Amino acid sequence: MSAPLEEFFDEFANLNIGFTYQEDSSAHDNFRRLRNVVNSAQISAVRVEFNDALVQQFNFVYGTDSDLGAWQNLCLVIGITPVPDEIKDANG
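Each residue of the sequence shown is one higher than the last, beginning at 32 in our numbering.
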């Protein structure tokens, strides 16, 4: 299963519009490069798709609202200690 941001950028890389997804660049850097080759009439729709892909990427990496393990992982990543044992404490 591919990550949502990779799928989003690959969609445009496959259109032969002069865009190549660079995995070692940030999502926002890739989007800036994409914005430079997308038709200006389409940029608003592309931005909406990008924002959706960002949310999907977050959920892909950290899970969804009801996933205690995902919330605990996020707490570890951002340095919250002790890591909560209950979901109400983890996402509250």
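Any given hint might turn out to be false.
[Said to hold, decoys possible] Cβ pair distances, simulated, as ranges:
hint, residue 1, residue 2, range
1, E117, A34, 25 to 33 Å
2, I74, T51, 15 to 23 Å
3, E54, K119, 15 to 23 Å
4, N67, P113, 25 to 33 Å
5, D83, D116, 16 to 24 Å
6, P113, S56, 22 to 30 Å
7, N67, L99, 29 to 37 Å
8, N67, V114, 20 to 28 Å
9, L46, D116, 28 to 36 Å
10, R78, D116, 47 to 55 Å
11, I74, E38, 32 to 40 Å
12, V108, D83, 37 to 45 Å
FYI, nobody ran anything at the bench for these hints, they're computed from the structure. In this text the structure is predicted, and so the values were computed from the model without any measurement. Every residue gets a Cβ at the ideal spot worked out from N, C-alpha and C, and that includes glycine.
Hint check:
1. E117 / A34: 25 to 33 Å: holds, 29 Å
2. I74 / T51: 15 to 23 Å: 19 Å Cβ-Cβ, so the 15 to 23 Å window holds.
3. E54 / K119: 15 to 23 Å: violated, 37 Å
4. N67 / P113: 25 to 33 Å: violated, 46 Å
5. D83 / D116: 16 to 24 Å: The hint (16 to 24 Å, Cβ to Cβ) is violated, given that D83 and D116 are roughly 32 Å apart.
6. P113 / S56: 22 to 30 Å: violated, 36 Å
7. N67 / L99: 29 to 37 Å: violated, 42 Å
8. N67 / V114: 20 to 28 Å: Violated: the Cβ-Cβ distance is about 42 Å, outside 20 to 28 Å.
9. L46 / D116: 28 to 36 Å: violated, 47 Å
10. R78 / D116: 47 to 55 Å: violated, 39 Å
11. I74 / E38: 32 to 40 Å: Distance hint for I74, E38 is violated at roughly 19 Å.
12. V108 / D83: 37 to 45 Å: violated, 22 Å
Consistency with the previously given hints fails for numbers 3, 4, 5, 6, 7, 8, 9, 10, 11 and 12, ordered from lowest to highest.
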